[in-house]
Amino acid sequence: MTTLDVVFVLLGVVAVGAAVLVVTTRQLVHAALWLVVSFGALAGGYLMLTAEFVAWVQVLIYVGAVVVLLLFGIMLTRAPIGRSADLDSGNRWAALAVALATAGVLVTVLVRGFRTAYAPLDVAGQGAAKPLGESVFRIWVLPFEVLSVLLLAALVGAIVLSRREI
Amino acid sequence: MNYLILSAILFTIGAVGVLVRRNAIVVFMCVELMLNATNLAFVSFSHQHGNLDGQIIAFFVMVVAAAEVVVGLAIIMAIFRSRRSSSVDDANLLKY
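So the protein sequences, as listed, match chains A and B.
Using the numbering used here, read the first sequence as starting at 68 and increasing by one per residue.
Using the numbering used here, read the second sequence as starting at 647 and increasing by one per residue.
Chain A on its own, in the form it takes in the complex (with noise of 0.2 Å):
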C-alpha cells in the first residue's frame, strides 16, 4: 500500500462512516454537522485527485453555504433540537431491499466496466483554477451561462415561495 492508498482509505472511512451517522443518528443538528464531515472528507478526496479548484468549491459551497442554509431551516421550522424518536419513517424494509440493490448494481458495474482503467497521478497542476477557468470560458461557456439563468431563476423562485401572501 502506497502512502496515497493510506490516504484514501482514511478519508474513505471518515467519509462513509460520517454519511452513515447523517442516516442514523437521532439529532437533527448532528446530522447536519455531520453532513459538515463527510463533505470535508469528500474536499480531500477532490484534492487527491488532483482537483483543487473543485475542492475549495466544495468547501467554500457545501461546507459554507450549504450546510449553514441547512441550520437555518433547521432552526426556522423549529425542530426538536434534541433527540427525537420518530425521524424515521415506516419503509425501513423497502430502504433495505434499495439498499442492497443499489449497492450491488453499482458496485459490479464500476468494477467490471473499469477494472482496467489507471490512474496516473504525474499530471500536476490539471485541476487548478487557470486551466479549469480556461476550459468553463472557452467549451463550456453556453452551460455556464444557462447555469447563470437557472441561479437566477432559483432565487426569484425562492423569494416568491418564502412570501407569506400566497
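By construction, these hints were calculated from the structure, which means they are not laboratory data.
Glycine residues also receive a C-beta, built at the ideal position from the N, C-alpha and C atoms.
One or more hints might be untrue.
[Stated by the list, open to error] Coverage of chain B stretches by chain A, computed from C-beta distances (three or more under 8 Å per stretch; other residues unrestricted): (1) 654 to 660; (2) 671 to 685; (3) 693 to 707; (4) 711 to 723.
Based on the hints, put chain B in the right spot on chain A.
Leaving out everything else, chain B in the frame of chain A:
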C-alpha cells in the same frame, strides 16, 4: 477505481437516507450526499481520463445543487407554514 467504489457506497447511503428518514431537511441532506457521490465519480473519471471535463461538470452539479437547496428549503418553509410540520409524511397532498 477505489474512488468509484467509495462514490457508489456514498450514493447508496444517501438513497437509504432518502427512503428511511422522515424529516424533510434530513431528506435534503441525503440528497446532497448523493449529489456529492456523483461529483466524486465525475472527478475520478476526469482524473482517469486526464482531461478536465469531469471536474467542470462536477462544478456545474454543485451550482445546481445550491439552487436546488434554496428552492427546496423555500418549499419546506411554505409547507411548514401551512401544516406546522416538516415531516414528509404530512406533505402527502399534491394540492394546496
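Each hint tested on the structure:
{"no.": "1", "hint": "654 to 660", "in the structure": "holds (count 7)"}
{"no.": "2", "hint": "671 to 685", "in the structure": "holds (count 9)"}
{"no.": "3", "hint": "693 to 707", "in the structure": "holds (count 10)"}
{"no.": "4", "hint": "711 to 723", "in the structure": "holds (count 12)"}
Violated hints for the displayed structure: none, as all numbered hints are satisfied.
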